Amino acid sequence: MLRKISGLKVAVLAFGLVALAGCSSSNKPDVANPQEQAKPGTERDFILNVGDRVHFIVNQSTLTPQAMDTLRKQAAWLTQYPNVTIQIEGHADERGTREYNIALSARRATATRQFLASQGINAARMSTIAYGKERPVALCDAENCWNQNRRAVTVITGGAIPG
Amino acid sequence: MSCKRYLVLMPFIALFMLVTQLQTAKSLEIDVTQGRVKPLPIALPNFIGSGGGQNLAHDITGIIGNNLASSGLFRPLPQASYIEQISSFSQQPRFGDWRTIQAQALVTGQVSVLADGRVRAQFRLWDVFAQKQITGLQFITPKRNWRRIGHLIADAIYKSLTGEDGYFDTRVVFISETGPKNKRIKRLSIMDQDGFNVRNLTDGRSLVLTPRFSPSSQEITYMSYAGGNPRVYLYNLQSGQREVVGVFPNMSFSPRFGPRGRKVVMSLQQGPHSNIYMLDLQTRTTLQLTNTQAIDTAPSFSPDGRNIVFESDRDGQQQLYVMAANGTGPRRISFGQGRYSTPVWSPRGDLIAFTKQSGGQFSIGVMRPDGSGERILTSGYHNEGPTWSPNGRVIMFFRESRGAEGGPKLYSVDITGYNERQIKTPGFASDPAWSPLLN
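Taken in order, these protein sequences are the chains called A and B.
Take the first sequence: its position 110, counting from 1, is numbered 110 in my numbering, and each next residue is one higher.
Take the second sequence: its position 59, counting from 1, is numbered 1059 in my numbering, and each next residue is one higher.
This is chain A alone, in the form it adopts within the complex (with noise of 0.2 Å):
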């Protein structure tokens, strides 16, 4: 089993890097932003420009009006580049038990991804992972962080310009 899965990551890894090249050769930035540094097409510019993450209210997968302007500023960029590939991590905050946080943050990457699906990004450059409340960014007591990692992160997996 445990050389199954090795087995799998490789094969995963060795895809990532084909996507990789493919793109790098063939998409070239063209106007590069004076405002930020990051290039783009890249994972950077993704991060800084776009925003890749929503968030949301206790117990709710619903996406607010603002995470939903986000995720069509992300439909906009994955249309622009055609070859990234994602995958949505759902997150949970502390302030649950642990099952039901991994199918809270579940519904959360699930709803994220049907709204990307809803803007046209194609369903097969897509995957959803959950994390319950296992991966908290913000590290406080206190409702400040908890709304901060109560939140669905798009991950790119493949096909951004290097940079």
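Just so you know, not all the hints are guaranteed correct.
Said to hold, decoys possible - DEER-style ranges, computed between Cβ atoms: (1) A:G163 / B:N1291: 45 to 51 Å; (2) B:S1358 / A:N147: 18 to 24 Å; (3) B:F1196 / A:S118: 54 to 60 Å; (4) A:A138 / B:Q1293: 28 to 34 Å.
Since the hints were made in silico from the structure, they are not lab data.
All of these numbers come straight from a predicted model, not from anything done at the bench.
Don't be surprised by glycine CBs; every beta carbon is placed ideally from N, CA and C.
Put chain B on the given structure of chain A with help from the hints.
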């Protein structure tokens, strides 16, 4: 002395432990059905060591004393107060000397190393007031199992004096946590019930969660993110082999064995929803038990296999529901203020333990399977994830401390709500799951 001999199969180590019944009688008894039990004063002089067994005799006596004290049902009396010196295992105690120091029960024993290297331990449990032996047993085991002798003797004393099975010769599987809170490394780990013999079963490269013991075999079911695919796995403690229970289109999580260990009940994610499925480990066929547009998770079988308790947010927020094992007739059983989750059916069948969130507090509580008689056993910033001792008397859970440097530790509490104790682990620890009795 009548000697009934029988063999006890040891599941963890394929070796025999020879148990010999020395004598049995009964009168002294602790009533464990009461709320708060006054601990029974028990005298436990160091076992006599012979044939190179001196150190072992001392250590085994210590394990017995720790176990009995940890139950909250016994109060081992300080050895300095003892009047009579026990110098021979065949010696009839001077009961007056033990009455004087308020002992109600007395344990005497001896430990010797046999010519073949095995360890032999004998003990007698005496009723000080009735002036007679209640029970006596002899154990022979390979030396590396010596700690188990202490647990087995403590279980025998517990059973003689409470009338219920003990829980000391057991293990706990749990998640060891290291590293900062935002980059936690989690490993599947196992230890003896008293926190000794901690061993890591996974290397920390993959996130692992919610391990559960099989009630009948040396297997654990748990969730792992190996290869970036969160799935339910089986881990065989004897062979160290791991296998995925099944490959499903989406994540599988929150597994738990059925009462005979042949089935695993778990949640499968389907888009935004999670429903409960039963997997037959022999045929590897799955049966869908719930079908809701909600999160149904944390299923736990009743010990008779007829019912399953689980949590669901189908009515808006997490509540507890009981359904037949085939998925029919789900009915809500929790109606108090707050959210109820992580239900676990007691091995005795009489209670369901749960986590409750209310007013910013996380509590551990119990209720009857029909939802009546709710009692909160412990409450605070964050208590979660109860697991039952195999005799249904004690609940272990984890408690998170506050702060960026905070983390979870394991605690146990009696079902009466008394006798809360921390189980010492090398680092942070969460998601405990108690094994059945090993023998």
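Right, here's what the structure says about each hint:
For the pair G163 (chain A) and N1291 (chain B), the beta carbons lie near 48 Å from each other, so the given range of 45 to 51 Å is met. In this structure, S1358 (chain B) and N147 (chain A) meet the distance hint of 18 to 24 Å, their C-beta atoms being roughly 21 Å apart. The supplied range of 54 to 60 Å is met by F1196 (chain B) and S118 (chain A), whose beta-carbon atoms lie about 56 Å from each other. Checked against the given bound of 28 to 34 Å, the beta carbons of A138 (chain A) and Q1293 (chain B), roughly 31 Å apart, stay inside it.
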